[in-house]
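K.L.:
Given next are the chains, with one letter for each unit.
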Amino acid sequence: MARKPSSGPAADPELLILSSLADGPKHGWAIMSDIETFAGVTVGPGTLYNAITRLVEKELIAPLEGDGRQRPYKLTARGTAALDEQLQNMRRIASIGLRRLRLA
Amino acid sequence: MKTTLVRWLLRLYPKSWRAEYGAELADMLRARPLCAAIVFDIARSAIWQRLRVVLPATWVGIGLMLVTIWAIVTTMLAPPPYVPSALSERIEWLQKPLQSEFYVLVLFAIGFWNAVAGKQSPARAAMRASVIASIPLALIGLLMLTGLLAHAELVPGQKIAMLNARGILYPFYKGIQQIPAPAPLTLLLSPLLRLPGAWLWGTIGGSLGRKYVTWRRRPINA
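The listed protein sequences derive, respectively, from chains A and R.
Numbering of the first sequence is given in our numbering, commencing with residue 1 and proceeding in unit increments.
Numbering of the second sequence is given in our numbering, commencing with residue 1001 and proceeding in unit increments.
Hints are not guaranteed to be accurate.
Across the chosen pairs, the derived CB separations fall in these ranges [claimed, not checked]:
#, chain 1, residue 1, chain 2, residue 2, range
1, R, Phe1102, A, Lys74, 24 to 34 angstroms
2, R, Pro1219, A, Phe38, 52 to 62 angstroms
3, R, Leu1142, A, Lys74, 50 to 60 angstroms
Calculated from the model, a selection of chain A residues having no Cβ within reach of chain R, i.e. all distances over 12 angstroms [as the list claims (entries may be wrong)]:
#, residue
4, Leu15
5, Ala51
6, Thr76
7, Ala81
8, Ala82
9, Arg100
10, Leu103
Honestly, the hints are just simulated from the structure, not real lab data.
Beta carbons: idealized from backbone N, C-alpha and C, even for Gly.
Chain A extracted, bound-state conformation (with noise of 0.2 angstroms):
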């Protein structure tokens, strides 16, 4: 069983969601079962389908047309760039941080 972190970026599901669609475009069956696997995070379908519906609302990922009732979603230009930053943010703290934890 994975583990759900209950604090910290990991445990957003709205940039867990951005990452895993940084791929390509995905289903929500398969943006479950990728965060589970990149992340080791389980998200619950209603906790995805309300950060999907943030998603969407903020215009960060579109729904396509499917061929069936799932639907997949891919990121847009603004959530490219906006999952850009994100990470880019991320990885300067992080980097500071880790810097500082080899001094101390």
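Please build the complex by placing chain R on the supplied structure of chain A, with the hints as guidance.
P.N.:
Structure of chain R alone, referenced to chain A:
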């Protein structure tokens, strides 16, 4: 069994949300075992989605309802008027706004805002808020009718209230008589009795709101 449970879980969501994401979520739920954690996750998510689509008038109504409950409780806890005390004086002072035209102003503001924002029919929004705000009064009427409550004090010292008083604590809007205390049936029916007043003030607010929108959109050199 599982299909029925999934259908029930989806019904927890607002209709508009279901139309957009319902089929996807249903497929996902059918494809995996439904444990208690997932049911809880869905219920929490559905509540969140329902709260997101709640109309502003409903929030105002809930706010007014809480004010009404607070006013009734403090009035009932206050010492009788023939025992002068700092507490009864303070409660009387706190209740002044609730017996004033403040309630009408709120209904007017709901109508005005809904016309400006174009969210909902102004009259309907004011009526919605009014019905929600009246729920405690109706419950008190029900308790009195069933004999669980002997009498209700809605104003400090149960002073004689004019029927045309428009305060939040009064069940009526228009009338020509004076009554010493609201009758149980009047309280029970107060959500309905206040509807015409709510419609009127919501409509007036909405009418002024529409005039304001027209004025704002006027050509600059007109």
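K.L.:
Tell me, which hint numbers fail for this structure?
P.N.:
Those not satisfied are hints 1, 5.
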